[in-house]
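Asker: The lines below spell out each chain.
Protein chains: 2
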Amino acid sequence: MPIVVATIKTQPGQTETVLNVFRAHAPAVHQEDGCLLYAVHSGPDRVVVVENWADGAALDAHSRGPALAAIAAGVSDLLAEPMDVAVLEPVAMGDPAKSTL
Amino acid sequence: MPIVVATIKTQPGQTETVLNVFRAHAPAVHQEDGCLLYAVHSGPDRVVVVENWADGAALDAHSRGPALAAIAAGVSDLLAEPMDVAVLEPVAMGDPAKSTL
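Residue numbers (this note's numbering), protein chains in the order written: chain A, 1 to 101; chain B, 1 to 101.
Treat the hints with care, as some may be off.
BS3-like mimics (lysine-lysine), calculated; alpha carbons at most 30 Å apart, straight line [to be verified]: (1) A:Lys98 x A:Lys9; (2) A:Lys9 x B:Lys9; (3) A:Lys98 x B:Lys98; (4) A:Lys9 x B:Lys98; (5) B:Lys98 x B:Lys9; (6) A:Lys98 x B:Lys9.
These aren't lab readings, by the way, just hints derived from the structure by calculation.
Pulled out of the complex, with its shape left as it was, chain A reads as follows (with noise of 0.2 Å):
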C-alpha cells in the first residue's frame, strides 16, 4: 500500500483557491480503483495531500488519470514552489492502532 503525501505550497492568499481544484475533482479521484484514502488538509502556506492506494498499479493509473491532471493544471499557477510529491512506505513501530492510516 504505497502512501503519498502531496505538499503544494502556495502562493500568499491562494491557499482556498487551491482548495477549490481539490474540491472540484477530489470526488473523482475517491472513485478511482484502488484509492483508499484521499485526505486533503490546509494550513498557512500550503493545501498537504495524504493519499494510500491499493497498489503500485493503482497508484500508477492514478498519475496517469484525468483527475490529477486536471488538479495539476488548476494549481500551476497558484504555486509558490513546484509541487512536493513523496512516494513512501509506512514502517510499522508501537501501537499498531495509531501507527497506520
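Assemble the complex: chain A is given as a structure, and chain B must be docked to it using the hints.
Answerer: For chain B alone, kept in the frame of chain A given last:
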C-alpha cells in the same frame, strides 16, 4: 483535531538510522494523552510522520514533552535540511470515508 505532517529530509544513507530513533520513541508518543495517530513512513530521501491529535492542547503537550525532545536530539545530526513541521486542518470534500485520516 489538528493534523501534523512532519518531514525529515535525511542525509544520504541515514534513513534507517532515523527510523531507529522513531522506533525507540514512537511507543511513548502513542501513549501520550490525545494521540490519535502517529504514523511513521519512509522514502528514499526522507522520513514522514503523519499525526492526528485530539485537540490543540494535546499537540502542545506533545510539542513540549520528553519523547519529542528525544526524537529531535536523536535525529539532529542526520538531517539534510531543517525538519519541516506543518500543522494542518482537514478539509471535508468528496467521500467522507476516503477524505478523513
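Asker: State for each hint whether it applies.
Answerer: To see whether the hints hold, each was checked on the structure:
| no. | hint | verdict |
| --- | --- | --- |
| 1 | A:Lys98 x A:Lys9 | holds (28 Å) |
| 2 | A:Lys9 x B:Lys9 | holds (17 Å) |
| 3 | A:Lys98 x B:Lys98 | holds (18 Å) |
| 4 | A:Lys9 x B:Lys98 | holds (23 Å) |
| 5 | B:Lys98 x B:Lys9 | holds (28 Å) |
| 6 | A:Lys98 x B:Lys9 | holds (23 Å) |
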